[in-house]
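Make a model of the complete structure from these sequences and hints.
Take a look at the letters that make up each chain.
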Amino acid sequence: MPKFDDDTDRKVSIILSKGTLDWATASMVIANAAVSEGIELHLFFTFYGLDAVLKKKMDHLKVTPLANPSMGMPNAIAAIPGVTAMATSMMKKMMKKENVPDHRDFIQMVCDAGGHLHVCRLTFDMFGYTKDDLYEEVEDVISASDFLDVAEGGQIIFI
Amino acid sequence: MPKFDDDTDRKVSIILSKGTLDWATASMVIANAAVSEGIELHLFFTFYGLDAVLKKKMDHLKVTPLANPSMGMPNAIAAIPGVTAMATSMMKKMMKKENVPDHRDFIQMVCDAGGHLHVCRLTFDMFGYTKDDLYEEVEDVISASDFLDVAEGGQIIFI
Amino acid sequence: MPKFDDDTDRKVSIILSKGTLDWATASMVIANAAVSEGIELHLFFTFYGLDAVLKKKMDHLKVTPLANPSMGMPNAIAAIPGVTAMATSMMKKMMKKENVPDHRDFIQMVCDAGGHLHVCRLTFDMFGYTKDDLYEEVEDVISASDFLDVAEGGQIIFI
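Chains as they are written, first to last, in this note's numbering: chain A, 1068 to 1226; chain B, 1068 to 1226; chain C, 1068 to 1226.
Rather than coming from a laboratory, the hints here were simulated on the basis of the structure.
One copy or any two copies: either way a pair holds, since identical chains are not told apart in the list.
Straight line, CA to CA, 20 Å or less: simulated DMTMM-like cross-link-like pairs of lysine to aspartate or glutamate:
1) Lys1198 - Glu1165
2) Lys1078 - Glu1219
3) Lys1078 - Asp1213
4) Lys1078 - Asp1216
5) Lys1163 - Asp1192
6) Lys1159 - Asp1192
7) Lys1160 - Asp1192
8) Lys1122 - Asp1200
9) Lys1164 - Asp1192
10) Lys1163 - Asp1126
11) Lys1159 - Asp1172
12) Lys1124 - Asp1207
13) Lys1124 - Asp1199
14) Lys1123 - Asp1192
Below, the structure is given as structure tokens:
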């Protein structure tokens, strides 16, 4: 396990466990804010969150209004085929209007500013992925123990 | 960005990202416990969580048994119109029995005891809200960077 | 409230608020990693998460692909009766292949290695449970304030 030593006096680690556009974006917003402030920043992609760094999936993250009463759509309608695609398209438009980058550009911004990307070994092995499946900026595939080492002394945000 | 200096030796910051009654209540339970113990307490409302401080929505937060096998209701039934309203009504009764205040009263309690409410600027702008849409006790609309400043040196709980 | 003093120089507290197999497993993976590293570890079971330490439910935790676009199944299909059981069975097979223990064995491993289990009093009272309903290794039923005391000085992970 390489030691990270970003010469900062603060560290934030984000665990992204969800594979949808809303939570991937929430992670990137916080991650980007952290690196912009000179905070050492680690992202650990686990469970469904791995989608956010899979070459084949990261450009196609979706969002669904189902089981989310906050979106104001009845579940019986939200379950209809096509509604997920529609909600995803709407969210992308709203984010574009606020100059939020596409997910791939956003994660690249975070990496360019010094953020570190780690993938959870258990999830990686469970789904039988290979390193070729992963976004190029991913630094390593590590265990939960390794992640706890990485996150030591900082704040942890589980999304 | 105003500096918070609550003269306490401990700080907890809660990010509420969900807009449903269960998670809004979970936030208030932890927030209330924190302020009661003299801990500096910050709530940051982002994404769907903004609903919890919107004048028009905060009294009508809902809960759905859909996609939550823990509630014991088959999804095919949970999706039927009216079930969300029924589940919400049931949860409110259960909370009332345990003397859990209504959401608006609960958040007011937290504020009266010194808790600080912040709204996420990106979400606020994305949905085109104005300050008049926000619950009076909200102190400011701040960026994720500002939130990281506010939360520095404390524990962060992302709900 | 008993004081915990595990003679370690690091502490991690996990709040498990979800009652599904995926998030219960995520909690145990992190918890197990923590105790294996000699970190003082606390698990606080609240809201739906209580299911993970209920004798009658802990062996029957489920997972649903509904409202989780990351699982790649259309919501209209995911809502069909039987799909939750099928998805649960699939996840169990994938975890078995990676030598992830069954939930009950996993939580026992964490306890055997010194992890502490706490149940949220509000949830416990709200559902009218008795101590006999709880998994034997649960140490106490405590308030959110007590939990904040327990978690003081460590990292908090809300799942």
